[in-house]
Amino acid sequence: DVGDYIIGDVVIERKSAGDFFSSMINKRLIRQVEELKQHPKHLLIVEGFNNDFYSRLENSNALRGFLLHLLLEEKVPVAYTLDEKDTALFLLLLAKKSPFHRASELSFRGNRRILNDKERAQFILEGFYGIGPKTAKKLLEKFGNLKNVFSAEDAKIRELIGKKANEFLRILGMDVNTKQ
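Position in the sequence shown (first residue = 1) + 1125 = our numbering.
Simulated from the structure, these hints should not be mistaken for laboratory data. Accuracy of the hints is not assured; some may be wrong.
With a cut-off of at most 30 Å between alpha-carbon atoms, the simulated DSSO-like pairs for lysine-lysine come out as follows [to be verified]: (1) Lys1210 to Lys1262; (2) Lys1200 to Lys1262; (3) Lys1281 to Lys1243; (4) Lys1262 to Lys1289.
Simulated DEER-style distance windows between Cβ atoms [stated by the list, open to error]: (5) Gln1163 to Ala1280: 41 to 49 Å; (6) Ala1280 to His1164: 38 to 46 Å; (7) Asp1208 to Arg1153: 18 to 26 Å; (8) Glu1292 to Lys1272: 15 to 23 Å; (9) Lys1263 to Glu1160: 31 to 39 Å; (10) Lys1221 to Lys1259: 41 to 49 Å; (11) Lys1200 to Gly1298: 30 to 38 Å; (12) Ala1280 to Arg1156: 40 to 48 Å; (13) Ile1155 to Glu1183: 29 to 37 Å; (14) Glu1292 to Glu1160: 28 to 36 Å; (15) Lys1272 to Asp1134: 22 to 30 Å; (16) Lys1152 to Asp1208: 38 to 46 Å; (17) Arg1189 to Lys1243: 35 to 43 Å.
Ideal placement from N, C-alpha and C gives every residue a C-beta, glycine not left out.
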């Protein structure tokens, strides 16, 4: 399977900053990039690539060199997102900009079929650690859409999804120390 997401005709590989760096070191990323390039439209998302991560690297020049190689020689566009929430919003925007007039335009990790708005929202929520189809559906039934889920009060999310709430709220940048 190539890519973590397929939206329209764009194949997207998503890497956390740490996984990106370790995949670069052990050369696994080279193989993944070659597979990604088999698709005319492709994108690499590096999630959590911020100043803190960058400043902790012992050899930031190796990283710079590899990024230049990806961009200039491999012709692989790289997008940087802050965290899982930012990635979800990025993917949502990409999905909104894609034409959905053909059944093959949007795919759920290899399941080539058209998704309606509710299914796309569920798919994005399922990308968060610990959020499966059942929990994603609960969140959408309660809050109606992604914007409302992401802006909901943490107490309401805790009430709805229980133990899974801490990790989800942490990713959304909310206070996880509040008791249920």
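Now for the hints, and whether the structure bears them out:
1. Lys1210 to Lys1262: 17 Å, holds
2. Lys1200 to Lys1262: Between Lys1200 and Lys1262 the Cα gap is close to 38 Å, so the pair fails against 30 Å, i.e. violated.
3. Lys1281 to Lys1243: 20 Å, holds
4. Lys1262 to Lys1289: 14 Å, holds
5. Gln1163 to Ala1280: 41 to 49 Å: 47 Å, holds
6. Ala1280 to His1164: 38 to 46 Å: 43 Å, holds
7. Asp1208 to Arg1153: 18 to 26 Å: 23 Å, holds
8. Glu1292 to Lys1272: 15 to 23 Å: 21 Å, holds
9. Lys1263 to Glu1160: 31 to 39 Å: 35 Å, holds
10. Lys1221 to Lys1259: 41 to 49 Å: At roughly 25 Å between Cβ atoms, Lys1259 and Lys1221 fall outside 41 to 49 Å, so the hint is violated.
11. Lys1200 to Gly1298: 30 to 38 Å: About 34 Å separates the Cβ atoms of Lys1200 and Gly1298, which means 30 to 38 Å holds.
12. Ala1280 to Arg1156: 40 to 48 Å: Since Ala1280 and Arg1156 have Cβ atoms about 45 Å apart, the given range 40 to 48 Å holds.
13. Ile1155 to Glu1183: 29 to 37 Å: The hinted range 29 to 37 Å is violated for Ile1155 and Glu1183, with Cβ atoms some 21 Å apart.
14. Glu1292 to Glu1160: 28 to 36 Å: 30 Å, holds
15. Lys1272 to Asp1134: 22 to 30 Å: 26 Å, holds
16. Lys1152 to Asp1208: 38 to 46 Å: With Cβ atoms ~27 Å apart, the hint is violated.
17. Arg1189 to Lys1243: 35 to 43 Å: 42 Å, holds
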